[in-house]
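Engineer: Add chain B to chain A, keeping to what the hints say.
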Amino acid sequence: MKRNKTRAVSVALAAMFLTPALGLLGGCGSDEIVLRVYNWEEYIDEGGEGCYDADFETGEPTDPIIDKFEDWYAKTFPDRKPVRVEYSTFGTNEDMYNEIKLGNEYDLLCPSDYMIMKLAAEGYLEKYDESFFDPSIETNYYIRNVSPYIQKKFETNAGLETPEGAPRWSEYAAGYMWGTTGFVYNPEHVDPEMLESDKGGWQTFLNSDFQRKITAKDNVRDTYFAALGVVFEPELKDLRRQFLDGVLPQEEYTRRITAIFNATDSETVAKVEPVLKNEIKQNILGFETDTGKADMVQEKIWLNYAWSGDAVYALDEAESGEEDEDGNVIEGSELFLNFFVPDAGTNLFFDGWVMTNHVNLDGTGETKHAAQAFVNYLSRPDNAMRNSYYIGYTSVIAGENLEMLGYVEDLYACEPDGETETVEYDLTYFFLGEDAEDGQVTITAEKENAERRQLYAQFPPKDVLARSAVMDYYREDASERINELWSRVNSGELDEWAIIVICLCVAGIALFAVSVKFGGKIDFFRLKPKKGYRLVEQKRA
Amino acid sequence: MKLPRFTRKSLCIPYAVFLVFFVIVPMLVIVFYAFTDQNNNISFSNFIKFFSDPTKLSTIVYSLVIALVTTVICLLIAYPIACILARSKLKKKFVILMLFVVPMWINFVLRINALREIFNLLASIPSEGDWWGSWLTGANYFKTVVGMVYDFLPFMILPLYTTMMKIDNSLYEASADLGGNALTAFTRITLPLSMPGIMSGVTMVFLPSMTNYVVSDMLGNAKVTIIGKFISNYFGNDWHMGSMVALVLLVIVFVSTWLSGGFKAEDNVRGTNL
Numbered sequence: 004m005k006r007n008k009t010r011a012v013s014v015a016l017a018a019m020f021l022t023p024a025l026g027l028l029g030g031c032g033s034d035e036i037v038l039r040v041y042n043w044e045e046y047i048d049e050g051g052e053g054c055y056d057a058d059f060e061t062g063e064p065t066d067p068i069i070d071k072f073e074d075w076y077a078k079t080f081p082d083r084k085p086v087r088v089e090y091s092t093f094g095t096n097e098d099m100y101n102e103i104k105l106g107n108e109y110d111l112l113c114p115s116d117y118m119i120m121k122l123a124a125e126g127y128l129e130k131y132d133e134s135f136f137d138p139s140i141e142t143n144y145y146i147r148n149v150s151p152y153i154q155k156k157f158e159t160n161a162g163l164e165t166p167e168g169a170p171r172w173s174e175y176a177a178g179y180m181w182g183t184t185g186f187v188y189n190p191e192h193v194d195p196e197m198l199e200s201d202k203g204g205w206q207t208f209l210n211s212d213f214q215r216k217i218t219a220k221d222n223v224r225d226t227y228f229a230a231l232g233v234v235f236e237p238e239l240k241d242l243r244r245q246f247l248d249g250v251l252p253q254e255e256y257t258r259r260i261t262a263i264f265n266a267t268d269s270e271t272v273a274k275v276e277p278v279l280k281n282e283i284k285q286n287i288l289g290f291e292t293d294t295g296k297a298d299m300v301q302e303k304i305w306l307n308y309a310w311s312g313d314a315v316y317a318l319d320e321a322e323s324g325e326e327d328e329d330g331n332v333i334e335g336s337e338l339f340l341n342f343f344v345p346d347a348g349t350n351l352f353f354d355g356w357v358m359t360n361h362v363n364l365d366g367t368g369e370t371k372h373a374a375q376a377f378v379n380y381l382s383r384p385d386n387a388m389r390n391s392y393y394i395g396y397t398s399v400i401a402g403e404n405l406e407m408l409g410y411v412e413d414l415y416a417c418e419p420d421g422e423t424e425t426v427e428y429d430l431t432y433f434f435l436g437e438d439a440e441d442g443q444v445t446i447t448a449e450k451e452n453a454e455r456r457q458l459y460a461q462f463p464p465k466d467v468l469a470r471s472a473v474m475d476y477y478r479e480d481a482s483e484r485i486n487e488l489w490s491r492v493n494s495g496e497l498d499e500w501a502i503i504v505i506c507l508c509v510a511g512i513a514l515f516a517v518s519v520k521f522g523g524k525i526d527f528f529r530l531k532p533k534k535g536y537r538l539v540e541q542k543r544a
Numbered sequence: 020m021k022l023p024r025f026t027r028k029s030l031c032i033p034y035a036v037f038l039v040f041f042v043i044v045p046m047l048v049i050v051f052y053a054f055t056d057q058n059n060n061i062s063f064s065n066f067i068k069f070f071s072d073p074t075k076l077s078t079i080v081y082s083l084v085i086a087l088v089t090t091v092i093c094l095l096i097a098y099p100i101a102c103i104l105a106r107s108k109l110k111k112k113f114v115i116l117m118l119f120v121v122p123m124w125i126n127f128v129l130r131i132n133a134l135r136e137i138f139n140l141l142a143s144i145p146s147e148g149d150w151w152g153s154w155l156t157g158a159n160y161f162k163t164v165v166g167m168v169y170d171f172l173p174f175m176i177l178p179l180y181t182t183m184m185k186i187d188n189s190l191y192e193a194s195a196d197l198g199g200n201a202l203t204a205f206t207r208i209t210l211p212l213s214m215p216g217i218m219s220g221v222t223m224v225f226l227p228s229m230t231n232y233v234v235s236d237m238l239g240n241a242k243v244t245i246i247g248k249f250i251s252n253y254f255g256n257d258w259h260m261g262s263m264v265a266l267v268l269l270v271i272v273f274v275s276t277w278l279s280g281g282f283k284a285e286d287n288v289r290g291t292n293l
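So the protein sequences, as listed, match chains A and B. In this text, residue positions in the first sequence follow the working numbering: the first is 4, and each later residue adds one. In this text, residue positions in the second sequence follow the working numbering: the first is 20, and each later residue adds one.
Among these hints, one or two may not hold up.
Derived list of chain A stretches under chain B, where covered just means 3 residues or more per stretch with a C-beta under 8 Å from a C-beta of chain B [what the hints assert, rightly or not]:
#1 290–296
#2 487–495
#3 508–516
In case anyone wonders, no lab produced these hints; they're calculated from the structure. The C-beta atom is built at its ideal place from N, Cα and C for all residues, glycine as well.
Just chain A, same shape as in the assembly (with noise of 0.2 Å):
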């Protein structure tokens, strides 16, 4: 008896607390579903005036990405429960990662690639369908116009040697949007020349010529990365020239130079700090996030160590200026700046959608349904085209009948003029897949674009990515060995003077503020009287 009323009791409290809990589910899972996107910050085209498929006759603004998609999701899946997309941004990828850690609920993210591998890694992300990569279905976007290059490298884990039994990033993730790193430069203080040679490509970062004209990245992955650049330049410049001579085969150079960019054992920490801490840091201006670009628009920098897509955005910038009818710069600034890639090899990156184990909480798909469908969406070459456009960034998207190839063209193509020197820019193998033969997709540009501007960095040659390496996650040791040396590279070492200089401030504040604590009156001096008076001498308690 007694246990049945206590039976009775838990059944009230728990209908209590659950009542709540059931009300909000039905409430939204009646009449639609809400995908809740957790995406990099300005990595969405927002709409507005300056769109890509925006009217610019009429001005007529655009609506956002998102809008468009809630509207074309209810047309496309009439059957389906309409979609709300709750949209959230982030700053970087590991602000993310302890926000998923932490057990915020999002169902489809856009982090990075070593970050996909972590979060996949660790369990907390749902597969792909497989009807999701049918290309026979209409509206399967993404496997339809994905680049044929791009989805290789998905597929086999970009040659990062990966253990036994771990997943591969193709069955998690779909890509967005990819790019490579390199330097942007000042042609009036750099001789391009001289970046191609001994003292140039990684080395740079020590070359004393640029001493405090050079930055680099404000984050241990990066800058570890071009350390180790700098660190094994020889090795990896001999397996290029091997590379170039035909006796390693492009797998094995990549897996090889994967290797040497993700090295993270304690030998190769040891290795890589002395020239990091006394040698990079000490040649640099500064660690920057965001100022860089800035910097170098003002010639404050002449080399800034950046990502392919800033690069972009940092060359546009530079040279938006506008002139007046004698030739002057009245507004902004007219300066052209360049972009390289180390010859030794650099890094190859990727961002793209993964869906959490959130997806299934609905227990109905609908909710993964919705993620993939978004997905999908994003990646119809109309709106890749928005994206990248508004981004900066390259977008993994080719098109099934080359759309994205019109895009390119309409940014980067010129005509033969006899003026300019124009080549004929190969983008085969992004386009149609790394063993199709070259020469089938080219575009027309200026020869000085295509070696050392906008379209060398947004869609870099094939020989560019064939030197690129794709970084890994730092496991569980390395974290931690990769962490501490990055503090001791930002800590600085104190001189003997400041020391003592410290020692003595110190004391002498704390013993005048004990002093003060226990009583002491504060009596600097003794005083002489004014003219005509005199010290009555006081006698204390």
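Structural biologist: Structure of chain B alone, referenced to chain A:
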């Protein structure tokens, strides 16, 4: 059933709730993280690692020095200003005070950015062999301290001004009457009576300038690392070590507050601890 009576104490409930959720619980969480490892087992490894690592200790010393220098400079600038303002017979001295306080109302990142641009401009002044430009470009610590002083000066002026305003003018008259000269008046009246103001000003400048790494990042090109930056770096990857650093900072804050008498509830301190 008797309803609980509404008393003056009930007015404290919102504050108590605030205190528990936003002060005590977060602090306990920090302590928890500081003394656990990645698998949430109790561990002192972070503690040992922290105090056996010279780079972490020297970062703390660096932050202390930067904070100390900032505080001293702020005090040297603010004290005379507050003195003059408080004792002057100007009718519009409120306006002058406002001139020092108004910058506080402008977003501080914006101001630091502007200062960065000013330094860029200054560095471009031509000089023989460009010694000036290259010195200023590399003077990361100097620029950081200037930025800190610029940022925290109002926090020093305000408490000093309010305490000095409250000093009774008849004390000065008495001092003059009894033969004290201006210096005597200063050492015997102004300085002792403005001590609470100095203390609260020092606390308000010293502590934040140990952690305000936006200034050191923007003006010191991220080559100057203070303890706040350390904490932020660690919180990207390792919350446990980050919490340990935060905890050490907390202890430093606690000790310096105790030394400066911040826990005493003296009458003349009232209103000066802003």
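Engineer: Counting residues of the region 487–495 of chain A whose CB is closer than 8 Å to a CB in chain B, do you get three or more?
Structural biologist: holds (count 7)
Engineer: In terms of beta carbon proximity below 8 Å, does the region 508–516 of chain A have 3 or more residues touching chain B?
Structural biologist: This one holds; 5 residues, not fewer than the three required, reach chain B with a Cβ under 8 Å.
Engineer: Between the region 290–296 of chain A and chain B, see if three or more residues pass the 8 Å beta-carbon test, and mark the coverage as holds or violated.
Structural biologist: holds (count 4)
The earlier numbered hints are all upheld by this structure, with none contradicted.
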